[in-house]
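For chain B, the structure is supplied; the task is to place chains W, H and Y on it using the hints.
Protein chains in written order, with my numbering: chain B, 992 to 1366; chain W, 992 to 1366; chain H, 39 to 423; chain Y, 39 to 423.
Hints may be right or wrong, so weigh each one.
Said to hold, decoys possible - In silico DMTMM-like cross-links for lysine to aspartate or glutamate, where the CA-CA straight-line distance does not exceed 20 Å:
no. : chain 1 : residue 1 : chain 2 : residue 2
1   : B       : K1264     : H       : D160
2   : Y       : K301      : B       : D1127
3   : B       : K1194     : Y       : E83
4   : H       : K227      : W       : D1330
5   : Y       : K227      : B       : D1330
6   : W       : K1276     : Y       : E73
7   : H       : K225      : W       : E1147
8   : B       : K1276     : Y       : E421
9   : W       : K1132     : H       : E302
10  : Y       : K225      : B       : E1025
11  : B       : K1194     : Y       : E71
12  : Y       : K296      : B       : D1330
13  : H       : K301      : W       : E1147
14  : H       : K296      : W       : E1049
15  : B       : K1264     : Y       : E383
16  : Y       : K64       : Y       : E83
17  : B       : K1194     : Y       : E421
18  : B       : K1194     : Y       : E73
19  : H       : K301      : W       : D1330
20  : W       : K1264     : H       : D160
21  : H       : K227      : W       : E1147
22  : B       : K1276     : H       : D85
23  : B       : K1132     : Y       : E83
24  : H       : K227      : W       : D1344
25  : B       : K1276     : Y       : E420
26  : W       : K1100     : W       : E1049
27  : W       : K1264     : Y       : E420
28  : B       : K1100     : B       : E1049
29  : W       : K1194     : H       : E383
30  : B       : K1264     : Y       : D160
31  : W       : K1276     : H       : D160
Note that these hints are calculated values from the structure, not bench results.
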Amino acid sequence: MISFEPTSDQIMIRDLAKKFAESELREQARPSDESSTTPQGLLDASWQLGLVNGALPEAYGGGGFDRSPTTSALVLEELGYGCVSLGAAVMTPSLFALPVLDFGTEAQKERLLPLFCGEHHHAASLALQESHFSFDPATMKTTAQRNADSWSIRGEKRMVPMGDRASHFLVVARVGDAGLGNLAAFIIARDTPGLTIGPEAEKTLGFQSLTRTTLRFDGVNLPIDAQLGLDPYGGAPSRFDGARLINSLRIGGAALAVGVCRAVTEFAIDYAKQRVAFGSPIAQKQTIAFMLAEMYSEVETMRWLVWKAASQLEQEVDATRAATLADSYVSRKAMRIADNGVQILGGHGYIRDYPMEMWFRNTRALTVLEATAAA
Amino acid sequence: MISFEPTSDQIMIRDLAKKFAESELREQARPSDESSTTPQGLLDASWQLGLVNGALPEAYGGGGFDRSPTTSALVLEELGYGCVSLGAAVMTPSLFALPVLDFGTEAQKERLLPLFCGEHHHAASLALQESHFSFDPATMKTTAQRNADSWSIRGEKRMVPMGDRASHFLVVARVGDAGLGNLAAFIIARDTPGLTIGPEAEKTLGFQSLTRTTLRFDGVNLPIDAQLGLDPYGGAPSRFDGARLINSLRIGGAALAVGVCRAVTEFAIDYAKQRVAFGSPIAQKQTIAFMLAEMYSEVETMRWLVWKAASQLEQEVDATRAATLADSYVSRKAMRIADNGVQILGGHGYIRDYPMEMWFRNTRALTVLEATAAA
Amino acid sequence: MIDFSIEDETRSQIAKVREISEAGLKYSRYYDEHEEELAPNRLPEADDFRGRGVAGRGRRLTATDEALFIFERSSVDGIPLSQGRRDMGNHTLDAMGTPEQKERFSHLSFTFAMTEPGCGSDTSALRTTAELHGDEWVLNGEKIFASGGIRSDGAVVWATIDRDAGRAAIKPFLVLRDTPGFSVASKEKKLGIRAQDTAALIFSNCRVPRDQLLGGNEEVSRTGSGGYRGAMATFNKTRPRVSAVGIGHALGCLRFCKEELEKEGIEVEHGPGMHSRSAAQQMLIEIEADIEAASLSVLRATTLADSGQPNSLEAAICKSKAGEIARTVPQRCLEILGGSGLSREHLVEKWLRDARITDIYEGTGEIMRLIIARQILGYSSEELR
Amino acid sequence: MIDFSIEDETRSQIAKVREISEAGLKYSRYYDEHEEELAPNRLPEADDFRGRGVAGRGRRLTATDEALFIFERSSVDGIPLSQGRRDMGNHTLDAMGTPEQKERFSHLSFTFAMTEPGCGSDTSALRTTAELHGDEWVLNGEKIFASGGIRSDGAVVWATIDRDAGRAAIKPFLVLRDTPGFSVASKEKKLGIRAQDTAALIFSNCRVPRDQLLGGNEEVSRTGSGGYRGAMATFNKTRPRVSAVGIGHALGCLRFCKEELEKEGIEVEHGPGMHSRSAAQQMLIEIEADIEAASLSVLRATTLADSGQPNSLEAAICKSKAGEIARTVPQRCLEILGGSGLSREHLVEKWLRDARITDIYEGTGEIMRLIIARQILGYSSEELR
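In isolation and in its complexed conformation, chain B is listed as follows (with noise of 0.2 Å):
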């Protein structure tokens, strides 16, 4: 039944995320930013409120709470309400632990779920975007090429979250023909012989403060059971779904999109009822006025197309309509409402002394980047 009401598990959750944003993250995105740099403590800190690891089973040590894509479209909405950027280097071990989860062996899980469930800030990472201009993941050009007994990967990673300090990579590659269907993804540690990381982190347009690098395969050799969801002694087809991969993958930078247009929004609005020109508050202004109202109405319809994709990923039929109209949908809109959040506040809008400049080009880069959050 059609409901947009989130239970009260899911309020409590989001609101601890809520509170976090509202503080640690605000407070340190316009220094994080401006010395490129993700502060360790910043991510220590988060660790403590269980995001990431709240959703993985108690029998790997996890917080045992449901594993959730409409409380992650929660979560993540409050993180980019935050900084979208800070608010993605919290939740880059997702990148990595939620397809584990999803998709992994009983013995991959075994393996890898535990390090995220310690007390400490546990990194790992999901590599997917390439360097080529004309980039989809259904065409992506790494492969992994199967051997008796190994598998082979080669080509290049860009923009890989966290590169700097991942223990593990999550490495999506083809191993067929173009298709979502022929993806598969390998689980590869940092030290794998034939994996150069960076060594730079990567400068970019926004997000500068959640280190990204690149990934270099140089024919890569992994043991057959490097294959997420592949049991080698199981004989049965991998259960890894790529089609869901990018669904969890576009639905959670979509969340995540949500939150910063509402910032924009709210400091748009806050900005126009004390700016006064012409005698009154520009808000009075009916072409600002209606472009808040434009903004105000986009973020709560961006937002139901994210939670029905997330509701769709959640009970497990295909999102993949869902998730397509929901990335199409807020990747236009939120670029024009961060957009207007700058033409609102004019040459303030421009300088670096207000938030706005910095949610623009965080804007601009999350709505083009693939794999900034997981849902």
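Positioned in the frame of chain B, the structure of chains W, H and Y alone reads:
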């Protein structure tokens, strides 16, 4: 050198067209639309202005003005301003005569151009549009098959303007693989065996006052010299240039669009200054005022794109880029302008007491139809 | 729990709505082209569905179910096999009528007569007057754009009982069709929705019993907004409905495009990204996303209404979104379909015309944004106009 | 004669502009990342072009040629090899200065200091004052967003000589850099245009000779708009210029996209229609059309200026169009380029940041539409605000 100034001759012809548009076209637009008829009297009256035959050389009985796409653009804007549908009807014979002039062999010109230089209106037309929804001139389905001493035409054309009374049609067909380079045009008389016209006029969203019919070619056999531009005894390749024809049509249609958009904007400005709501004319509300500012700006800008493309056609440099850009821009903006025109009038934009709803329908039709006018 | 799944029972009702709507499809073009004719209240095909009707017969429909049904009906086209006994004025009767008035009048249909030649959204400029003469109200004035103004059994007429008192003095009156002085001035000829009888009405010394002032409140409060609140209550119910109509037409256009292009070998796949799509496929995905967004905004407004929560902000948001997509989707679909899409052989051009009203009636998109802006900014109508 | 062809001589000058711009390209990223450093007035590479300079040296440039050069320069990137002796304030000097003032000051560069912390487009709220004490004006106030405010030889400072008299009392003053009381409060850190020294300036009992009131008119006319007209004359010249800068960056983005996608096998052909294009090709054609439209609107404004005709409407139109495309084109190009386009290895992300100012400085897009609307509606600033 870059100049936006028409010559004094052009201004004279434009003013002539403008006067006709403001009186005759405006007056007859609504009754013709409601009755779905093209009044022959109007066509006859227009004939006296020499809009069609003015550009034909004196040798064939024409007015001997230079064949000038920029002049056409000026005239078409004015006719579009009066009534885009009746304006297109008035210029329909040009859709036949101008390509004959531009690409025809001397024999074809001698035979056909004098038809348009008599005292009375002479109807002829161009058949380009086809049935399938993914229609594109470059990939059209109507084909011409070359036999030993004849051509055989198969296919169907739709929305052929003035098909009810045209004496001749110029039919564009594909003679090879996809691509504008493989198009050829054929001169087909109304009574040619195998050609089925209509019989009914097509009913459509807009352009009701321009009668359009379907043409079906069930293996129509044509002599070799029915091919436009090919001298069967000369041995040289056809002078017909499909890309140039399409460019001319795209520019002609865009010029009409500038006209109707100017009419919409002018009418909306007048209405908004008269209509009072909440104590003042709605033109004094920022939202409406800004909409009008945008509409006005776009009409100006659209016009420059059309002029640039027309001037390239005139200077016989490849106008494909300019024509495509003008077409892309004008189609998008024209529809937005017509749509905003309706919006500004509100309920009064929705009823048929005002011309706005007609302009709205005509604009939507104009910007998706190919071949409404030639520049 | 956040959930967007539709229950099996509702699904089967939607399927029935579709079946009924398809049975009425043969009349769509006819009444579009014969606007001078009034469709009968009951079309012959209605008999085929007698006793097999969906919802609304036995149990009370939720606003959400109703929206889902309207999406479906309007995506087919939307000519109803039998005209209901409810028109927009009935929502005002529901919201403002006294128990006695509801008892007496709910079985009749009432058009909603508010707009005047010189007054659209600005109700303070309303000129129709109602003067109390003994036990009767005497109405004088002219109304336009009254939907169902010819067919309905009566009208809810908005009139001022004190022209100096502004909006507070504007009150709704129930006026029955046969009341002397109530006449139809003209039936509007329109761009679209031609099967609907939109009328200009004239009230000339039209005498109405005193107890037909809706709600019965004859006072002119100095602080309140008078009957305006009743109009708002009406709109909070009807805006999601008319939004759903416009969205349904947009959906119809999208379906048509996809089906026809599929026949020509062009299919839309959701998974692959932008670089794997053609221009038409990209447009179709964006259109689908826009429709989905507008639909969800309607369901947001209706679920609030169904749970008894205020929804005036959300009703304005959904009307604003629906207005936008109902305007632009059919236009964009025609860009994809090209010239042949213009033909009246297909319904796309009709949906373009029909759906264009969505952003105009019951408050234009501009008025919606004004309502939204006032609420989110905390401004009064004086502070933001 | 309607003509859009560019003469051979101009073409070869444009080619030279390109060559010079490419020589400066190596500094683009450097000064973007080292905003605390002020680029020298003359970069070493400038010597390579000594005596081979384009236009502007011998004959007077038309505004149209200048726009064409700016398109080209900004499409490469736009770091000038040698900083000119002209800044925005020089246009005010040209437009309003007395012959003596022009004679004395034209060899110096002047920043344009109008905006204040509490006053953007609404000049009537301007708070900087100038009081006549004997033979000197005493200036007090704070200015922000002064482009070139650190590098320039002086400033054209807008101040009121009578705070009760509104806009009519606002006058421009020429203030040289070393005048006591003139100081730089801070250099702004910005989203983009970081190689440009945008400054906040403070005037504290800053004494300026009486004859440095630009134009020399000390009267406060009761009807006129005072120095405002001079500001407008400045804007009519500079708006097409800054429009051209933004358009140039958009063009740079488009070129980059097309070149890179070509390497990956994706080419744009203009002839075939929408159904023959991929989503990316369609976007690129629309972007190209939008850039072409904005460029033509600039040329429209400059040709009017070149022939001595009024162009304030056209200057506002081109600024409005350029602002829009300078905002949206780099954003859309990044959609096409995807994640890798974000990298600072390429200039697209820089152009996105740099071009974003186009719709803000020298009057936002909203102010442009206000100017356009007033002119086409025949409304005063009182009637439409």
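Hints versus structure:
A distance of roughly 25 Å separates the Cα atoms of K1264/B and D160/H; the hinted pair therefore is violated under the 20 Å criterion. Simply put, K301/Y and D1127/B have alpha-carbon atoms about 16 Å apart, close enough for the 20 Å limit, and the pair holds. Proximity of K1194/B to E83/Y is assessed by CA-CA distance (about 27 Å); at most 20 Å being required, the pair is judged violated. Between K227/H and D1330/W the CA atoms are separated by roughly 19 Å; this keeps the pair inside 20 Å, and the hint holds.
A hinted pair counts as satisfied when its Cα atoms are at most 20 Å apart, and K227/Y with D1330/B qualifies at roughly 19 Å. Using a Cα cut-off of 20 Å, the hinted pair K1276/W and E73/Y is violated, with the two alpha carbons roughly 42 Å apart. At most 20 Å may separate the alpha-carbon atoms for a hinted pair to count; K225/H and E1147/W exceed this at roughly 41 Å. Annotation: proposed proximity of K1276/B to E421/Y holds, straight-line Cα distance about 14 Å (limit 20 Å).
Among the hinted pairs, K1132/W with E302/H is consistent with the structure: their alpha-carbon atoms are about 12 Å apart, no more than 20 Å. For the given pair, K225/Y sits about 16 Å from E1025/B by alpha-carbon distance, which is consistent with the 20 Å threshold. Pair hint K1194/B plus E71/Y holds up; C-alpha atoms about 11 Å apart against a cutoff of 20 Å. Pair hint K296/Y plus D1330/B does not hold up; C-alpha atoms about 24 Å apart against a cutoff of 20 Å.
The hinted pair formed by K301/H and E1147/W meets the criterion: a straight-line CA distance of about 18 Å does not exceed 20 Å. Annotation: proposed proximity of K296/H to E1049/W is violated, straight-line Cα distance about 52 Å (limit 20 Å). A C-alpha spacing of about 40 Å is found between K1264/B and E383/Y, which places the hinted pair above 20 Å, so the restraint is violated. Under the criterion of a C-alpha separation no larger than 20 Å, the hint pairing K64/Y with E83/Y is consistent with the structure, at around 10 Å.
Proposed proximity of K1194/B and E421/Y is contradicted: the alpha carbons are some 49 Å apart, above 20 Å. Only pairs whose Cα atoms come within 20 Å are accepted, and K1194/B paired with E73/Y is accepted, the gap being roughly 16 Å. For the hint pairing K301/H with D1330/W, the CA-to-CA distance comes to about 31 Å; that exceeds 20 Å, so the pair is violated. Taking the CA atoms of K1264/W and D160/H, the gap is near 16 Å; set against the 20 Å cutoff, the hint holds.
Our distance criterion of 20 Å between C-alpha atoms is broken by K227/H and E1147/W, whose separation comes to about 35 Å. Distance check on the hinted pair: K1276/B and D85/H sit about 56 Å apart at the alpha-carbon level, beyond 20 Å; violated. With a CA separation close to 41 Å, the supplied pair K1132/B and E83/Y exceeds the 20 Å bound. Proposed proximity of K227/H and D1344/W is supported: the alpha carbons are some 8 Å apart, at most 20 Å.
Taking the CA atoms of K1276/B and E420/Y, the gap is about 14 Å. The hint holds against a cut of 20 Å. For the given pair, K1100/W sits about 12 Å from E1049/W by alpha-carbon distance, which is consistent with the 20 Å threshold. A distance of roughly 15 Å separates the Cα atoms of K1264/W and E420/Y; the hinted pair therefore holds under the 20 Å criterion. Among the hinted pairs, K1100/B with E1049/B is consistent with the structure: their alpha-carbon atoms are about 12 Å apart, no more than 20 Å.
A C-alpha spacing of about 8 Å is found between K1194/W and E383/H, which places the hinted pair at or below 20 Å, so the restraint holds. With a C-alpha separation of about 16 Å, the suggested pair K1264/B and D160/Y falls inside the 20 Å cut-off, and the hint holds. Between the alpha carbons of K1276/W and D160/H the distance comes to roughly 13 Å, so the proposed pair stays at or under 20 Å and holds.
The structure fails to meet hints 1, 3, 6, 7, 12, 14, 15, 17, 19, 21, 22 and 23 from the earlier list, while all remaining hints are met.
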